[in-house]
Structure formats: structure tokens, C-alpha cells
Amino acid sequence: MKLARHRQLDALIGEYMLGTLRGAARRRFERALREEPTVALRLRTLQHEFAPYYSERIAETPAAGGWQRLERELNLSQHRAPWYSRVSFLRGWALGATAAFVLGLTLPALRTTTETTLTPIAQLALKGAPPSVTAALSRDGSTLELRAARPIVAGPLQSYELWVIPQGGAPLSLAVLGQLDGALRVPEGHRGQLRKGAVLAITVEPAGGSPTGGPTGPVILSGAIS
Amino acid sequence: MLDELEIRRLLLATAARDVDAFARLYKRCAPLLLGVAQRITRRRELAEEVLHDSFTRIWRAADSFDPFGAPVGWMTTIVRNRAIDVMETHDISRVDSYHAALDDKPEASLDQMFDWSQADTAEEALDASRLRAFLRRCLGELAAAERQALVLAYEHGLSHGDLASHLSKPLGTVKTWVRRGMGNLRACIDRCSGNEGATR
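So the protein sequences, as listed, match chains A and B.
For the first sequence, counting from 1, position 30 maps to 30 in our numbering; every step adds exactly one.
Just add 1000 to wherever you are in the second sequence, counting from 1, and you've got our numbering.
Treat the hints as calculated values from the structure; they're not laboratory data.
A portion of the hints provided could be inaccurate.
[What the hints assert, rightly or not] Some chain A residues well away from chain B (every beta-carbon gap over 12 Å; in silico):
no.: 1; residue: G169
no.: 2; residue: G197
no.: 3; residue: G223
[Claimed, not checked] Residues from chain B that face chain A, not an exhaustive set, calculated with beta carbons under 10 Å:
no.: 4; residue: F1022
no.: 5; residue: A1030
no.: 6; residue: A1047
no.: 7; residue: R1060
no.: 8; residue: G1073
no.: 9; residue: A1083
no.: 10; residue: S1159
Owing to the predicted nature of the structure, the values given are computational and were not obtained by experimental measurement.
Even for Gly, the Cβ is constructed at its ideal location relative to N, Cα and C.
Use the sequences and the hints to build the structure in full.
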């Protein structure tokens, strides 16, 4: 029999709401709730009128770990959004990707700028040997960079001295170096000398450089500016 | 008082398998629902079990929650039914312990256990608030024996048999009090709402 047509439907609902409907009777009623919309609707109406609000005065603090147990037993993690679809992740990823994109665009540009402003002007080598140091000059002639194929470091009592020998002129000291790698500032008065036809030469001098102002030690590397 | 609007939203999101919403639902409602379970089981460890089982059920059955229904009422029903089942399966000699534990004045516990305040001003809430006021007034107008039976049954989940033992009355008498009490309550609320005669 349909419970919806039960003469005592309201009484049954009342007992259900009160909690005195027990055992098989309650199960039958709950089945009717699922199967008979009229019963569910009537329950909703009466619940609306009857259900008192529990006061928060009766609230108690649940034992710690209650939520974790639910999470574990219901395997809730499988319903959590995967890490790559979370908003916070996407937001972070978007920021990172944008930054990487911008850097990807600007870094090569910076590098190109640096590279184009430094133009190789001479290959320095021991006579008859393959070049071991490349000299490159900035466009404005203020910076000279020495790039060594392998580290060339002066001994404790020595320094290297870099000279420019203009065509038909005397050697002019550009720098005293501890090692043949790195950029150096070209003395303003000598900038005009770094031009085609001049020769770059490196001599070994006493620590601190030539005591005389002119080369005193052997030339280890030299190369014409082209 | 729990914000019904917020709880409804969380419950509907839970039905859509939103774990974060379910976590918030737990955080907001677990304390009150534990209190409801505790009133019926009278044992903390059983109440905690009831709470756990109830939230398991809430997660699984959230999609059967009627979006127009009362969300807290829906969850409360789950907790009360579960607590009643647990008490029955644990075969606890409830009457012995209850004789000592139960309030002698269930009328007083009505105002302890429930929130009859009418602070809400939203139209829908005002409606619910008025109904609560009717319910409280009508409970007060019931015969003392009927009111006592209803409050004991609702608050502590007592069955007809439990009530008969506790009140030392024949089972038939108690059943009549319960049934007549509910009938009178409904008639009174209908009268208050101006709906007298509208029910079958």
C-alpha cells in the first residue's frame, strides 16, 4: 500500500520526526520517502513547521583527529583537485610562466647586446702556436676583454702586462694583470691606439708590473689587431 | 544558531564532491551535531562514533538532500536516527542509567536545548522565526504529560518502551500521549498560522 494514502500519514511523520518510529516501521517509512514524492513533500512541510533549532549551547568540541579519520576512511583525497588544476597552482604557474617568457625574451637580447658590443679584435698566441687568448673590444673602445681558452695565471712573484704597440711606435701599457681572463678598462689616452695594424702583446713582468714603464720581460703572447 | 543559508550552500557543494566545502561543513556543524548525539547516547565515545557515522552518511547521501529543505534539520535527522540505532544495537540498559541522568523537568530543557530567538530580519528567516515562536507557544499549551513525553523522546531519543519505563506508565498510555501530543501540537501551529482546517 502506498504510504501517501495512509490515513495516519501525519501521525507517522510525527513519530518519525520525534524519533519514536523504530525498526521495520522506520525502514518502511524511509523507503516511502525515497519512492513516494508526496510523502517526502509532506515531511518537508511538517519539518518546516515543527523542527526546532538546536541551541549552540549544547555544542561540544569533537575529539581531535575526527576530520582526519573521515578524510582517510572516505578516501577524500581522490576528490581533491589534482595539484596541477588548483587555482593557486595555476595562478603561480601563470606568473612563473609569464616571468620565464619575459626573461626568455629579454635575456638573449641582453646577451646579444653584450656580445655585439664586444668585437674580437685580435688573437693572441705564442709564435707559431694556435691562439690561446682572444681580445675583444667594446664598441666605444673603453672595455677590452681577454678570453683565455684555458686559465693562464701569473706566478706569485710575477704579473702579466698587456701592451699595445702602435704601428711604428713604442709599446704603451694597457694593464697589469694577475691572470689572462676578464675585462679591463682601457686607459682613456690609449683608446685611439687600439686600431687595425697595431699589435697587442703580453709580457711577464715583476709583480706589480714593469718598473720602467716599458716591457722588461719576455713576450709570451702577441697578435695583430685586425 | 547555524547560518542555514551557509550550511545549505556547503551541503550542496558537498553533493558536488567539493571536499573543501565538506571540510567546512564539518567544522561548522560537528560541534552542534556532537551535542545532539551526546544528548541521546549520554556517552562521549558513542557520541563520537555517531558523529563519525553521520558525517560518512552526510557525504554519501548529500546528493539526496532536498535543496529547498532545511539543511541543519536534514543533518540532525541523520544524527538522531544514527544515535537511536547505536543505542539499540549496543543493548545498553538505558533505562537504568536514564532514571538517574534524565532531567526531571523536561520543560526546562526545552529552552536549554533549543534556540527560540527571533533575531532574524530577512523575510525567509522571519517566517522560520515566527514558526519557531508558534512551536514554542504550542509546546507550552500542551498537557504536561504530553509535553514531557515529546521532549523526552526528542531530546534523548527514547522509544515508547523507554518512555513507559521511565515514566512508569503502561505502554499504551505513553503511545497515546505521544500521538495526541503531536496531533495537538500540529493543530495549535495550524491555528497560529491561520491555517486551521487546511490540513486533512
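query = Going back to the hint list, which numbers does this structure go against?
reply = none
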